[in-house]
Amino acid sequence: MEERPCAILLKFPGTNCDAETARALETVGFEARIVPVSDLTINTLEDAALVVLSGGFSYGDYVKSGRLAKLVTQQKIADALREFRDNGGFLLGICNGFQILTELDLLPEASLVENTSGRYQCQWVTLENKAPESPFLSQLPETFEFPIAHAEGRLVTKTEEDAKALVENGFAALTYADPVNGSFQQIAALQDETGHVFGLMPHPERFLYKTDHYDPDWESDDKWGSGYYLFRSLYDSIS
Amino acid sequence: MSESLLEQIAEAPADHYRRLKISDLDGDTLLELSQFMKLSLSREDMLAVQEIYREWNREPTDVELEVIAQTWSEHCKHRIFGATIEHSVDGNSETVESLFTTYIRDVSERIFATKPGFVLSAFHDNAGFIRLDEHLAICLKAETHNHPSAIEPYAGANTGIGGVIRDILGAGKGAKPIASLDVFCFGAPDTTTDNIKADDVIHPLGVLRGVVRGVRDYGNRMGIPTVSGAIQFDDSYIYNPLVFCGTAGVISIKDIDKQMSAGLKVIAVGGRTGRDGLHGATFSSAALDTDSHEEDQQAVQIGNPIEEKKAADFVLGARDAGLIEFVTDCGAGGFSSACGEMLEECGGVIDLDSAPLKEPGLVSWEIFISESQERMVLAVKEESLPELQRLADLYETEMTVLGESDGSGILKVTHHGETVCELDCSKLHEAPTRHLTAHWNKKTSPVDSPKLDDPGKTLQNLLGDFAVVSREPIIREYDHEVQGNTVLKPLAGASGDAPQDAAVMRIDGSDKLMAMGLSILPEWGKTDPYAMGAACVDECIRHLILAGSNPDKIAILDNFCVGNPEDDEELGALVETVKGIAAAAEAYGAPFVSGKDSFYNYFETNEGPVSIPTTILISGMGVVESIDHVRGSSIRRDDSILVMVGTTTPELGGSVFARQSGLDSAEVPSTDFDAAMESYRRFHKATESGLVLSGHDVSEGGLAVTLAEMGFSGKAGVEIDLAALPVSGEIDKASILFGESPSRLVLEIAPENLEKVADIFEGVPFGAIGRTTTEKDVLRVEWGKEMLMVESLSDLKAIWKNGLAQYY
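Note that the protein sequences, when read in sequence, are chains A and B. For the record, in the first sequence the residue sitting at position 232 is 233 according to my numbering, with numbers rising by one throughout. For the record, in the second sequence the residue sitting at position 516 is 533 according to my numbering, with numbers rising by one throughout.
Think of the hints as simulated: they come from the structure by calculation, not from any bench. A quick note: this is a predicted structure, and the numbers were derived from the prediction, not measured. Keep in mind that the hints are not guaranteed to be accurate.
Unchecked claim - Selected chain B positions facing chain A (Cβ under 7 Å, derived; list incomplete): (1) Gly240; (2) Arg292; (3) Ile319; (4) Ile323; (5) Lys326; (6) Glu413; (7) Thr417; (8) Glu494; (9) Val504; (10) Lys506; (11) Gly513; (12) Arg653; (13) Arg676.
Stated by the list, open to error - As a list, the in silico BS3-like pairs of lysine-lysine whose alpha-carbon atoms are at most 30 Å apart: (14) B:Lys773 to A:Lys211; (15) B:Lys375 to A:Lys224; (16) A:Lys77 to B:Lys375; (17) B:Lys773 to A:Lys65; (18) A:Lys211 to B:Lys375.
Built from N, CA and C at the ideal position, the CB exists for glycine as well.
Start from the sequences, fold in the hints, and give me the full structure.
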């Protein structure tokens, strides 16, 4: 059997989207390994083509989202994630994982803070694909829907100008079509300058199948939902 | 009794436990002792305890009394459901020997016998299991957390959901929690403060916000989708809000059966034990008053969902590795209940010195009965300990060996080298049978239907009623999609915000799915509790079937909340409710697999005691054979035919319309079980044949609300002529539009399939009542030649969507 590219999913206490994210990765062809952070060492990343930080509430997120996960990661493997990227590895952060990647300074400077509604928001949103050349988005159309589920997904930068620069320079890979959470420039996802590090607040793993959509008449040519094509794009660019 | 009197009867007082000389005390003093120690044991119970110890020829320790109090508490033992009740209905007397045995267990066992291999476990484990497919089983459990939520809404609801999740983790050898439901009964959000007749009662809006956030912060962090729910608003819930939390789980069938044996190690996993949560079980077996808000704070705790998440990862990992012989959760009664359940037959020794504590200085009984959250107790083979410790380290949770099983039949507890408890477990579970009296007299009478001047305006009022308005502001605060399996979401349809009848979850590793539904209709029970019971079972099953469930593969749960069981009429309402659910369950072939009850939901206000109306929550799970059977409740085409299945009857009692119109005593509709089940079977057949586009039931607000809600998908307008509506008896506009007679479905059918569908429903009340149109914003309803209403669907939707949002 052909060797499948390996995806490592880091699991912090409170990470809770790892199983369905692993399912999505396996579905498109990855070998997915969930690694609790207590087991994390520099060697963990050795065979990996992709490291995924999946959604949840790492350490409860009672302090700023992702802060404790960042400290533990740095303590365990220092700058290994950066080296992993420099050696051509891919990094994907979803929801809480995006918050952690941001804390780790692996993405352009931005913060994810409380939604302007002051509420947790579980709903579907329309996204605009601003980086169709991204290895994560190449098979997704100009606009598509994913669900979001977060209380702290409002992307802010030091000034609104900085957010505009993120859009103009191609770092803002996805934007919300509507102002759902107060993000500057309605930014929903960021990529780094290599295109190998990608973080998004919406949950592609929750739209793996067509039947995950809220509308039973959602149109699709096959059995897959839009989330499938994010993972598929990535798989195709890695393998 | 004061502390000094307790000292008097204490013999050889040690620092950490006391032996109490009770053998010579009279009934009054025993009762005083029970009250002072907050045991919630009656005089009769205390005399029974005294008798047991006289037989044993020794005196109890305080630890033993606490253990017996926990075990015999209403919360743990359901003694009212086991009581002998002299009951009379409209003057006809009967004796009920145990409501549980007669109406729940025996009824269910008769149903089990007709469906071999369907129910895999019921009543004895933490949750009941039904077969999903060849390899997998699903389970559901619901609990109430009323008293803690009254006193501290956030923490009460938080630990309520945390507790029921642990029930699932402790079901079988550890089931995986996959979905939660929550149901609340509160005072209305717009209650004015002068309507609250007691001090220190939290305003209903405060309770609502606190409870929702409590459920949100626990469920979301645990990564378990909260997919299903309901809220009822009524003044009688101002003092005693009700909070039901339920969780469903999935397990391999081979992991359902768990056995204790001698020589196993008993281990505790998860959080540490502290003084928080003392007397939760006995506290919830007593009424509330203003003082409760100060005195009983000790019984309420704050949850720590990440602690529980780590323990959950550990339990599921250990189960998959085959390392668990027995597991149960630490809920009410803490270690005493968990170890008691585990060791009741086998016997064993628990050493309290090994229990990890949050703070030093806890005495023996505190450690043993503390209900500190996030703890699980397992029995494992000694040789598995190293691998279990590795898993505990991996998931960063604390694991401790507490003791071992020994086959002696004796529950022995040691602390600081002394035996502080030594009980014959078989004696622990024999509480005295209670003897109670109950009565119920018919409370309904014929009323004149009110004149309906402007049905459209009435529909607007109903859509804005708290009983009907969209729960969206709450639903969006719950992560209802985590785990990526929520196929039918609480809000769906083409616009993603229209109401659905039940939730459907995909199950990893199976082609089959699980539907989760529920019903709660306390307004019906105020005048006709039997009809309420029957209608609740009907509605729950109706929802499950509309969501695609196989009518032969449904199991249900009964969760009761009652005011004062010593009040004959309140108990009578309970007896009638139980009879109603039992009759319905038997007729539908839907067995009860688990249930729970909560009593003493009354409050001493400045103007006397206020009880809740007898309230039953029926929740249920159904097996959906194929994802193609999941349809949803929202209109999908603009050229469809709308049909009504089921008969519309004239009774208005219990309806939201009757309540708005002040028709308090109107007759409540009865449920024709056989006719209903026939309709549901035909519906399922039509669904299997792929002939139904969507379907929504008629419930709160009646047919007009159903039609509006179906139209909230925004796909099409709705044009109705009620001439072909199947009705019974003399009926008027109000009953047709707003009556809530049960067992009715409105289905959307493609025109080319109408004939086939009509054939399937041959012999069942069935009528084509209208069509969907390209006039997307228009709801038009005629009855023969009379135009009843022409309404804008978007305006109606705005009323419906804003009803709760403006308060929440």
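Now the hints, each set against the structure:
no. : hint                 : result
1   : Gly240               : holds, 2 Å
2   : Arg292               : violated, 23 Å
3   : Ile319               : violated, 12 Å
4   : Ile323               : holds, 4 Å
5   : Lys326               : holds, 6 Å
6   : Glu413               : holds, 5 Å
7   : Thr417               : violated, 18 Å
8   : Glu494               : holds, 5 Å
9   : Val504               : holds, 6 Å
10  : Lys506               : holds, 6 Å
11  : Gly513               : holds, 4 Å
12  : Arg653               : holds, 6 Å
13  : Arg676               : violated, 30 Å
14  : B:Lys773 to A:Lys211 : holds, 28 Å
15  : B:Lys375 to A:Lys224 : violated, 51 Å
16  : A:Lys77 to B:Lys375  : holds, 28 Å
17  : B:Lys773 to A:Lys65  : violated, 59 Å
18  : A:Lys211 to B:Lys375 : violated, 48 Å
When the structure is compared with the earlier hints, violations turn up for hints 2, 3, 7, 13, 15, 17, 18 and for no others.
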